[in-house]
Amino acid sequence: AQSVTQLDSQVPVFEEAPVELRCNYSSSVSVYLFWYVQYPNQGLQLLLKYLSGSTLVKGINGFEAEFNKSQTSFHLRKPSVHISDTAEYFCAVTHHGSSNTGKLIFGQGTTLQVKP
Amino acid sequence: KAGVTQTPRYLIKTRGQQVTLSCSPISGHRSVSWYQQTPGQGLQFLFEYFSETQRNKGNFPGRFSGRQFSNSRSEMNVSTLELGDSALYLCASSLQGAGDEQYFGPGTRLTVT
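Heads up: the sequence lines are chains A and B, in that order. Per the working numbering, the first sequence runs over residues 1 to 116. Per the working numbering, the second sequence runs over residues 1 to 113.
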């Protein structure tokens, strides 16, 4: 069975500082990995995805993530955050297979609080 | 291209009633997935439809059901509502489902009193 663990429920950071949101996954098969962001009273917006190939993935709004197969991690990073990055961030995993169609397994979420 | 739309955005129901939520996917997307989001349980997969067929189902009771129409629009129904069904219900569409990135709608906030 697949699972996702987001290691921090809340991450406070000052504006223009770097940030890392941590995500570890568990799966016995090859995975696809995603990071989504949710602003208050909105749905989820895709930040970036790892399907295959280069382990460093760049996404929207200056975010990037690195897939580490040996450590089963997919941490999200941004070198300099803005107030507007304050939101909840979700790591999600799926794999290609008939038993898993259309199903994303999400972590519990990390609230990023950017302070001025 | 228009995004995923969900109606209604907010809904208040009484215990024991039933409710139907609607989701219109992005044009050309054939897979629609539904999720329940609550503060306690987080985001949980309900089911996925593709070409009018349910292909995958999460671990929810039979009170939760859905369907998909020939134009890929999907509806979700919850019968005999319980207080614990209060949640944000999100639908997401993708091209084929498996491994594709999912695009989410804004959600329907259901409150059961």
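Since the hints were derived computationally from the structure, they do not count as laboratory data. Backbone N, C-alpha and C fix where the C-beta goes; we use that ideal spot for every residue, glycine too. Incorrect hints may have been included.
Not everything, but these chain B residues come out facing chain A in the computed CB check (under 8 Å) [as the list claims (entries may be wrong)]:
(1) PRO8
(2) SER27
(3) GLY28
(4) HIS29
(5) GLY42
(6) PHE50
(7) THR53
(8) SER94
(9) GLY99
Stretch-level coverage of chain A by chain B, calculated; a stretch enters the list once three of its residues show a Cβ under 8 Å from a Cβ in chain B [stated by the list, open to error]:
(10) 74-88
(11) 103-116
List of simulated lysine to any residue pairs, SDA-like, C-alpha gap at most 25 Å [stated by the list, open to error]:
(12) A:LYS58 / B:LEU81
(13) A:LYS69 / A:ILE83
(14) A:LYS49 / B:TYR10
(15) B:LYS13 / A:LYS58
(16) A:LYS49 / B:GLY58
(17) A:LYS69 / B:GLU101
(18) A:LYS115 / A:ASN41
(19) A:LYS49 / B:VAL19
(20) A:LYS49 / B:SER27
(21) B:LYS13 / B:GLY28
(22) A:LYS49 / B:LYS13
(23) A:LYS49 / B:THR5
(24) A:LYS49 / B:GLN37
(25) B:LYS13 / A:PRO40
(26) A:LYS49 / B:ALA2
(27) A:LYS58 / B:LYS57
(28) B:LYS57 / A:GLY97
(29) B:LYS57 / A:SER30
(30) A:LYS58 / B:GLY3
(31) A:LYS58 / A:GLU20
How the hints compare with the structure:
The criterion of a C-beta within 8 Å of any C-beta in chain A is not met by PRO8 (chain B), whose closest approach is roughly 14 Å, and the hint is violated. The interface hint given for SER27 (chain B) is violated, since its Cβ lies 18 Å from the closest Cβ of chain A, which is over the 8 Å cut-off. Checking GLY28 (chain B) against chain A by beta carbon gives a least distance of about 16 Å; that is not within 8 Å, so the hint is violated. Given the 8 Å rule on beta carbons, the hint for HIS29 (chain B) is violated: about 11 Å separates it from the nearest Cβ of chain A.
Annotation: GLY42 (chain B) was flagged as interfacial toward chain A, and the flag holds, the nearest CB pair being 5 Å apart, inside 8 Å. For the restraint placing PHE50 (chain B) at the interface with chain A, the shortest Cβ-Cβ distance is roughly 7 Å, inside the 8 Å limit, so the hint holds. Interface restraint check: THR53 (chain B) against chain A, minimum CB-CB distance 10 Å, threshold 8 Å, status violated. Contact between SER94 (chain B) and chain A, as hinted, is supported at the beta carbon level, the nearest pair being about 7 Å apart and thus within 8 Å.
Because the beta carbon of GLY99 (chain B) sits about 4 Å from the nearest beta carbon in chain A, less than 8 Å, this interface hint is met. Coverage of the segment 74-88 of chain A by chain B is violated [criterion: at least 3 residues with CB-CB distance below 8 Å; count 0]. With a threshold of 8 Å between beta carbons, the proposed coverage of the segment 103-116 of chain A by chain B holds, since 7 of its residues qualify and at least three are required. The straight-line distance between the Cα atoms of LYS58 (chain A) and LEU81 (chain B) is roughly 42 Å, outside the 25 Å bound, and the hint therefore fails.
A C-alpha spacing of about 32 Å is found between LYS69 (chain A) and ILE83 (chain A), which places the hinted pair above 25 Å, so the restraint is violated. Of the supplied pair hints, the one linking LYS49 (chain A) and TYR10 (chain B) is violated, its CA atoms being roughly 30 Å apart against a limit of 25 Å. In summary, the hint linking LYS13 (chain B) to LYS58 (chain A) is not supported, as the alpha carbons are separated by about 43 Å, beyond the 25 Å threshold. As the CA atoms of LYS49 (chain A) and GLY58 (chain B) are separated by approximately 23 Å, the hinted pair is consistent with the 25 Å bound.
For the hint pairing LYS69 (chain A) with GLU101 (chain B), the CA-to-CA distance comes to about 20 Å; that is within 25 Å, so the pair holds. Between the alpha carbons of LYS115 (chain A) and ASN41 (chain A) the distance comes to roughly 21 Å, so the proposed pair stays at or under 25 Å and holds. Under the criterion of a C-alpha separation no larger than 25 Å, the hint pairing LYS49 (chain A) with VAL19 (chain B) is inconsistent with the structure, at around 34 Å. Restraint check: the Cα-Cα separation between LYS49 (chain A) and SER27 (chain B) comes to about 22 Å, which is no more than 25 Å; the hinted pair holds.
Distance hint between LYS13 (chain B) and GLY28 (chain B) is unfulfilled; the C-alpha atoms sit about 33 Å from each other, more than 25 Å. Proximity of LYS49 (chain A) to LYS13 (chain B) is assessed by CA-CA distance (about 37 Å); at most 25 Å being required, the pair is judged violated. With a C-alpha separation of about 23 Å, the suggested pairing of LYS49 (chain A) with THR5 (chain B) holds against the 25 Å cut-off. At most 25 Å may separate the alpha-carbon atoms for a hinted pair to count; LYS49 (chain A) and GLN37 (chain B) meet this at roughly 21 Å.
Using a Cα cut-off of 25 Å, the hinted pair LYS13 (chain B) and PRO40 (chain A) holds, with the two alpha carbons roughly 23 Å apart. Restraint check for LYS49 (chain A) and ALA2 (chain B): satisfied, since their Cα atoms lie roughly 21 Å apart, inside the 25 Å limit. Simply put, LYS58 (chain A) and LYS57 (chain B) have alpha-carbon atoms about 32 Å apart, too far for the 25 Å limit, and the pair is violated. The suggested pairing of LYS57 (chain B) with GLY97 (chain A) holds, with an alpha-carbon distance near 14 Å, which does not exceed 25 Å.
Restraint check for LYS57 (chain B) and SER30 (chain A): the C-alpha separation of about 21 Å stays at or below 25 Å, so the hint holds. As the CA atoms of LYS58 (chain A) and GLY3 (chain B) are separated by approximately 23 Å, the hinted pair is consistent with the 25 Å bound. For the hint linking LYS58 (chain A) to GLU20 (chain A), the alpha-carbon distance of about 14 Å falls within 25 Å, and the restraint holds.
Figure legend: structure checked against the earlier numbered hints; hints not met, in rising order: 1, 2, 3, 4, 7, 10, 12, 13, 14, 15, 19, 21, 22 and 27.
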